[in-house]
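Those protein sequence lines, which keep their order, are chains A and B. Letter by letter, the first sequence follows residues 3 to 197 in my numbering. Letter by letter, the second sequence follows residues 39 to 192 in my numbering.
Don't read these hints as lab results, they were simulated from the structure. In this text the structure is predicted, and so the values were computed from the model without any measurement. Just so you know, not all the hints are guaranteed correct.
To be verified - Label pairs and their in silico Cβ distance ranges:
id: 1; chain 1: A; residue 1: ASN95; chain 2: B; residue 2: LYS94; range: 38 to 48 Å
id: 2; chain 1: B; residue 1: GLN156; chain 2: A; residue 2: GLU139; range: 16 to 26 Å
id: 3; chain 1: A; residue 1: GLN92; chain 2: B; residue 2: VAL111; range: 26 to 36 Å
id: 4; chain 1: B; residue 1: LEU68; chain 2: A; residue 2: ASN95; range: 48 to 58 Å
id: 5; chain 1: B; residue 1: ARG177; chain 2: A; residue 2: LEU195; range: 17 to 27 Å
id: 6; chain 1: A; residue 1: ALA185; chain 2: B; residue 2: THR164; range: 18 to 28 Å
id: 7; chain 1: B; residue 1: THR186; chain 2: A; residue 2: GLN154; range: 25 to 35 Å
C-beta: ideal position from N, C-alpha, C; glycine also.
What follows is each chain in one-letter form.
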Amino acid sequence: MRLSFVRIAFLFCTALIAAASAAEEFRAGVFDPPRAAPEFRLQGSNGAPVALSSYKGKVVLVAFGFSSCPTICPVTLAKLSQVWKDLGAQSENVQTLFISVDPARDTPARLREFVTPFHLSFIGLTGTEQELATVRESYGIIAEKVASKNKQLGYEVHHSSSLHVIDREGRLRVLIPFGTTEADIVHDLKVLLAE
Amino acid sequence: MRSGLFSRHRALLAVVLSVTVLAVAVAAFLPVRFESREENFEIPKGTWARRMAGDKVEILPSDIFLTLGVHDVLHLRNLDDVPQIFGPTLLMPGQSFRLPFHVASENLFACTAHASGQLTVLVEDTPDSPVRRLTWRARKLVRSLSSTFRSHQA
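Given these sequences and hints, build the entire structure.
Set out below in structure tokens:
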């Protein structure tokens, strides 16, 4: 009788451990070990300076792009807009920060016009060329100005299109490549929110 | 005499045909297997120093081919003493990055480690039927022949 109780307890613990490790499985790319997300303080589209550290306790999604982007950035933000809907009330514990790679054109006002139609909580960030270059370097972001086929646009910025996800403790945990489905993004955010 | 030569030719042809049919059957029915689901790449210690000394060190190929369901995880590891841009991301010394793929797709990543500035990860569909296994193996053969040809030319 006592032996079977021990056996049941053992099986229960094993099942719990298996369930926990399955829950921690991310769908996107994972860093091991995670490092502290590089801090930045930039001008926000909400009209105030924004520091990454002020979001400690929330899961932060960092995207790099520019408001004149004709392809990648609108798709990314539209996808995140859907993710926010799918997260429901849990989205209150997640923040999207969209960091410009085009400071010459992206003023805080222009970024606000670009990001808020996707979701009112999204914040665009800009700064001087030097400030933004420092942030890009610390996150390993590539950005290169190229002439645009669209003459009105003048130039475009080819840039890394992955999303960086920072956990509640301020650690850079997950990298979401462009093209990842909304369902997979929601899954990974929920894993981080549950921690 | 002539008929003996003719029958020898026929026998040879029959052997060649049988071997071809057997090879195609094996390629179509033998399951595609890998030792691991991970395609591993490592930046060895001292890479940065070698690059600084003028060595052209290539670690990641510009095209990586993965197969859904059997070999569909990209695993990158930086064993060097300095941070390195490696494929789609920046890796700190000792850090690794594991990226699983869930759909057949062509993924382009900006990567300064390549002359083209781009890394392509091509994820092919699961070879789960005889026709798919056959085409998967044919593509692999063509790729390996063309890479051998290119390395001979270089």
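Right, here's what the structure says about each hint:
1. ASN95(A) <-> LYS94(B): 38 to 48 Å: holds, 47 Å
2. GLN156(B) <-> GLU139(A): 16 to 26 Å: Holds, at about 19 Å.
3. GLN92(A) <-> VAL111(B): 26 to 36 Å: holds, 28 Å
4. LEU68(B) <-> ASN95(A): 48 to 58 Å: Once the Cβ atoms are compared, 50 Å apart, the range 48 to 58 Å for ASN95(A) and LEU68(B) holds.
5. ARG177(B) <-> LEU195(A): 17 to 27 Å: The hint (17 to 27 Å, Cβ to Cβ) is violated, given that ARG177(B) and LEU195(A) are roughly 41 Å apart.
6. ALA185(A) <-> THR164(B): 18 to 28 Å: For ALA185(A) and THR164(B) the Cβ distance comes to about 20 Å; the hint holds.
7. THR186(B) <-> GLN154(A): 25 to 35 Å: violated, 48 Å
Of the numbered hints listed earlier, those contradicted by the structure are 5, 7.
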